[in-house]
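Enquirer: Keeping their order, the protein sequence lines are chains A and B. The first sequence begins at 1 in UniProt numbering and counts up by one. The second sequence begins at 1 in UniProt numbering and counts up by one.
One thing to keep in mind: the hints can contain errors.
[As the list claims (entries may be wrong)] Taking lysine-lysine pairs in the DSSO-like style, the calculated list, with each CA pair at most 27 angstroms apart, reads:
#, chain 1, residue 1, chain 2, residue 2
1, B, Lys239, B, Lys147
2, A, Lys73, B, Lys57
3, B, Lys122, A, Lys192
4, B, Lys238, B, Lys214
5, B, Lys214, B, Lys89
6, B, Lys239, A, Lys122
7, B, Lys187, B, Lys147
8, A, Lys94, B, Lys52
9, B, Lys162, B, Lys147
10, B, Lys92, B, Lys162
11, A, Lys218, A, Lys31
12, B, Lys214, B, Lys162
13, B, Lys46, A, Lys12
14, A, Lys122, B, Lys89
15, A, Lys122, B, Lys120
16, A, Lys226, A, Lys216
17, B, Lys92, A, Lys39
18, A, Lys19, A, Lys216
19, A, Lys54, B, Lys46
20, A, Lys30, A, Lys73
21, A, Lys219, A, Lys16
22, B, Lys92, A, Lys183
23, B, Lys57, A, Lys94
24, B, Lys47, A, Lys31
25, A, Lys97, B, Lys57
26, B, Lys46, A, Lys73
27, A, Lys97, B, Lys92
28, A, Lys39, A, Lys148
29, A, Lys12, B, Lys57
30, B, Lys122, B, Lys147
31, B, Lys122, A, Lys183
32, A, Lys229, A, Lys239
33, A, Lys12, B, Lys47
34, A, Lys54, B, Lys47
35, A, Lys93, B, Lys55
36, B, Lys92, A, Lys12
37, A, Lys93, B, Lys52
38, A, Lys243, A, Lys233
39, B, Lys52, A, Lys54
Just so you know, the hints here were simulated from the structure itself, not pulled from any lab data.
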Amino acid sequence: MSSALKTTAAIKQLFKFEKGFGAYLPEAYKKFYIEWQVKEPVAIHYIPEEGRYKRDEVTGEIIPIQNVPIPLKFPEEHNAHIWGGEGVVQGFKKHDKFIRRVPHFWIPVLRRSVVYSEVLDKHISVVVTNRTINMIHSNYGFDHYLLKTPACDLKSLLALGLKRLVLQEITKGCPVYTNNPIKQMEILNQYKQYLSSYTPEEIEWYGYSFDEACNKMKKILDERDKANKAPLKHLYRTKLVEKLKTAQIEAANQKIESSSSTSWIQNINPFGRKHEA
Amino acid sequence: MWTQFTRPLLLLEKIYLLKEGIQIINYQQIRTTFILKRRTSPPLHKKGGPIKRLKSKHYVYDLVQDTDIVRQPNIDLILTRYVEGIGNKGEKVSVRPDYAYNQLLLPGLAVYVTPENSEKYKNEKSTSEIQYSSRSAQMIANILSNKTISVVMNKENPWSLKPWHITTSFRKCGYHVPENCITMPAKSIQGPNMDIESKEFFVTVTINNTERVKVRCRIHHWSTSIVDRIPYEYEFWKKPTSPIFSRDENKNM
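Sequences are here, hints too, so could you generate the full structure?
Expert: Have a look at this one:
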């Protein structure tokens with residue numbers, strides 16, 4: 001891993017969280033976003049050099065080793081697929097010293113296959129690469145692959161959405177297997193270790209794109225406003241009713257007090273019939 | 001790029017029966033992950049500082065390796081039930097990755113060899129209900145049960161059907177069945193008898209002294225003289241015939 005900062009473009013993305021709806025987004029989503037966009041993914045399309053320094057073969061000069069990753073491109077469609085961290089490499093081929101370089105796109109070969117999620121108990125037809133299947137094998141299953149791999153390597157929104165779904169299902173205790181409690185316990189024991197690295201709020205906000213997260217936040221804020229923005233006349237009416245009620249109670253109390261203390265003035269009724277002199 | 005590979009050859013040393021030829025599957029190599037290398041390394045940046053802007057020459061790549069042209073290694077699995085030609089329940093097997101994923105893992109016939117799974121299926125071998133003598137025994141039994149064996153007998157000289165006749169007939173079809181594996185019908189069949197020409201009976205073949213399979217046989221008379229010879233019947237096994245023995249006689253076997 002290079003110790004360098006990522007390109008300024010990646011860092012700039014975090015400014016999103018300081019304006020507009022981004023400012024309202026919770027810290028849980030920001031944590032996911034950094035894991036997804038800022039964290040450096042595993043080197044797939046190049047072999048990183050190891051060590052800190054190397055010696056120039058000809059001059060013997062000492063040069064620091066800095067692995068600058070090969071920039072990857074991700075078309076829009078990749079969000080509906082699971083590429084296992086692969087991407088499109090845009091670059092040039094240069095066949096000979098005296099031949100002009102030729103543009104070339106190295107594109108991963110995609111195929112439609114099926115993945116099986118044990119937690120959801122579902123077979124899902126998805127477009128994958130060979131690497132995805134190999135990763136599933138090396139992690140002993142699709143669920144383990146999703147849960148062990150950080151967001152920067154899963155990359156696509158489909159994979160991240162599935163990861164959120166799987167995490168939510170585990171927190172609920174695998175309701176798919178309610179008919180088979182033995183299997184349910186087995187699967188929960190197998191997967192509950194992954195819950196330790198997420199809080200419930202982080203799971204709720206995991207795997208959304210920035211726009212989706214903003215929309216989600218907007219919905220939450222709207223609902224909260226709806227609850228807060230009741231017409232003022234209703235508020236005043238309830239206040240008045242309460243006021244009157246308390247007043248009545250006070251009056252009743254006073255009455256009780258007055259009846260207990262007998263004073264001759266209270267027996268006077270100024271509107272009563274006049275006594276004829 | 002088309003290459004052919006043979007499926008892992010079945011271990012047949014213990015099996016009496018051997019089907020001729022090996023199953024061959026066409027397998028297409030798929031290319032995906034490219035490992036690239038920059039021809040010109042980018043300029044050094046400050047320690048902890050931002051990466052310097054890349055120029056066009058830093059985007060000139062050489063292909064180091066295409067990992068998907070490399071042959072993928074086999075995958076180890078534990079079978080959750082008996083799979084024909086692969087193995088018994090609880091057995092640890094090593095199979096090609098595509099076959100493993102599509103035919104065994106996705107249908108749930110096998111699981112990965114994790115420490116938990118190997119612990120879980122450790123005792124499965126002894127407790128599973130049906131024990132097959134070998135991984136290909138049931139497959140061969142299924143193949144034999146669909147076959148019709150032509151038993152070619154003499155049209156002129158008298159004979160009585162013996163196990164070695166059946167062994168010979170099997171051998172002509174490509175199956176090596178020793179005589180001691182063959183159980184003949186209870187009633188003996190004698191000839192030449194044109195009433196039983198192209199009529200069926202069955203023999204019972206015992207595989208590894210365990211699996212028993214009934215195999216159809218059809219009598220066919222053969223003469224050395226061309227004039228007496230019965231004309232050749234094209235794909236005789238597709239034509240319906242009647243059995244030599246009635247159902248009651250078969251029951252007594």
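Enquirer: Quick check: which numbered hints come out false for this structure?
Expert: Result: hints 6, 10, 17, 27, 30, 36 break, sorted rising.
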